[in-house]
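Engineer: Protein chains in written order, with the working numbering: chain A, 1 to 93; chain B, 1 to 354.
Honestly, the hints are just simulated from the structure, not real lab data.
Ideal Cβ placement from N, Cα and C applies to all residues, glycine included.
Take these hints with a grain of salt, some might be off.
Output of the computed footprint for chain B on chain A, the stretches with three or more beta carbons under 8 Å from beta carbons of chain B [unchecked claim]:
no. : stretch
1   : 45-54
2   : 63-72
Taking lysine-lysine pairs in the PhoX-like style, the calculated list, with each CA pair at most 20 Å apart, reads [claimed, not checked]:
no. : chain 1 : residue 1 : chain 2 : residue 2
3   : A       : LYS70     : B       : LYS24
4   : A       : LYS70     : B       : LYS20
5   : A       : LYS79     : B       : LYS24
Listed below, chain by chain, are the residues.
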Amino acid sequence: MNNKRPFVIAKRISLRVYLLIVAILLPSFVFAEEKIPVFPTSPIEVYTVYATLALLWLGIIGLIVIIKMKLNEIERIQKLGIDKEDSQAPILE
Amino acid sequence: MIWLKFKNWFEERYDINELKKLAKSKLVPRHRYDFLYYTGGITLFLFILQFITGMVLAFYYIPHVDYAYESIIDIVTKINLGWFFRSFHHWGAQLCIVFVFIHLFGTLLVKAYRKPREIIWVTGFFLLVISIFFGLSGYLMLWDERAFAAVRVATGGAGNLPVVGSFIKIFLRGGTDVTGETLIRFYAFHVAILPVLSLLLIGVHVLLVQYHGMSVPVSLENKQKAGEPFFPNVFYKDLMIWLVVLGIVATLAVFLPPEIGNKADPLAPPPEGIKPEWYFLFMMETLELFPGTIYGFNGETIAIICVTIGIIFFFLIPFLDRKSNRGEKNHLFTIIALIYLIYFVATTIIGFST
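Please construct the entire structure, taking both the sequences and the accompanying hints into account.
Structural biologist: What follows is the structure, given as structure tokens:
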């Protein structure tokens, strides 16, 4: 009988602690200020936003790759020195 | 076909080839600090983004004390993509000010302000002031309790300046306190006066950069390699950086949309733990360093005078650094620039973390 006593006390204490926590937290949940949603709340809209952002980044990466390739080609031509107008070139009549 | 017709029509009237030749003949110096040249381009790009998103927001915003807050809630909750444009405008503004500071401190450290580019520095400095005032005036548009308290503190701080302080305070507030009049004034500044001034200054700034060409640090003047053509080489690099910046602003706008607090109540006490925007934190920390009274004088007034002197000295650096103007190295002004940079960064971090 006496062996069970510490468990009973512990149970009572844990119940009290639990009730205390609930008593402290409950008002904060009940009377919490309603935050103005600054981001879409419906799951479909959230999914659309994230998917669009991913597409935007894909587009950006694609454009950067294209511009970089173009830039490499320009630099190659500049290195060869064939980007400048040839003043000695014969004029077609 | 239509495009070709239009091109011919245009070329018959205007000599574009001259412009093309000019763009191709413009060379950008190549050296180890040439990454700093891109910060100006990024700032310009962010300014353009701010103009576009600001115009979209202006369609729906109502600059009236009774409807301003509600109109922003409508923009965020009812208008298609309204939340995104507001968030984009917010983050665009933050990054714009960040890059203005980076551009400014970069210019200061490599001494790009030296003769004959003093006016470029002057226009850049005024563009920084305008950017900060853009931020402050835009912050009040929200008309929530934090914005209200921040503007009350900022305009009150300006009021502590001797002689002109009270005039500035009343001029900005449109009265003795922050009211609906202040909102209308700040709106006028934000959408009319500041954009016109900034467009003018950006025009002069960019034009003078083209006129003088890019500055090269004194220590690298004799070591520089052949320049890189602005068009198309540097222009394409600019374009790639702008795309990344666009992605970063959009990502920040999606993941960190700015919150909206409670509506401003002029009679309510300011909310606890209120902080100004990050670019005012250095000023707030400086004010906190000073005691309430110093030999019978108001400590806050003395602090604001000290900050003003510091800012005026900063503005006059190109005219004071005569050694750099002669093309000689000047370590004193490098140290001064570093002190300014370290003080600004340190006080901003301290203000942010406390």
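Engineer: Which numbered hints are broken by the structure, listed smallest first?
Structural biologist: none
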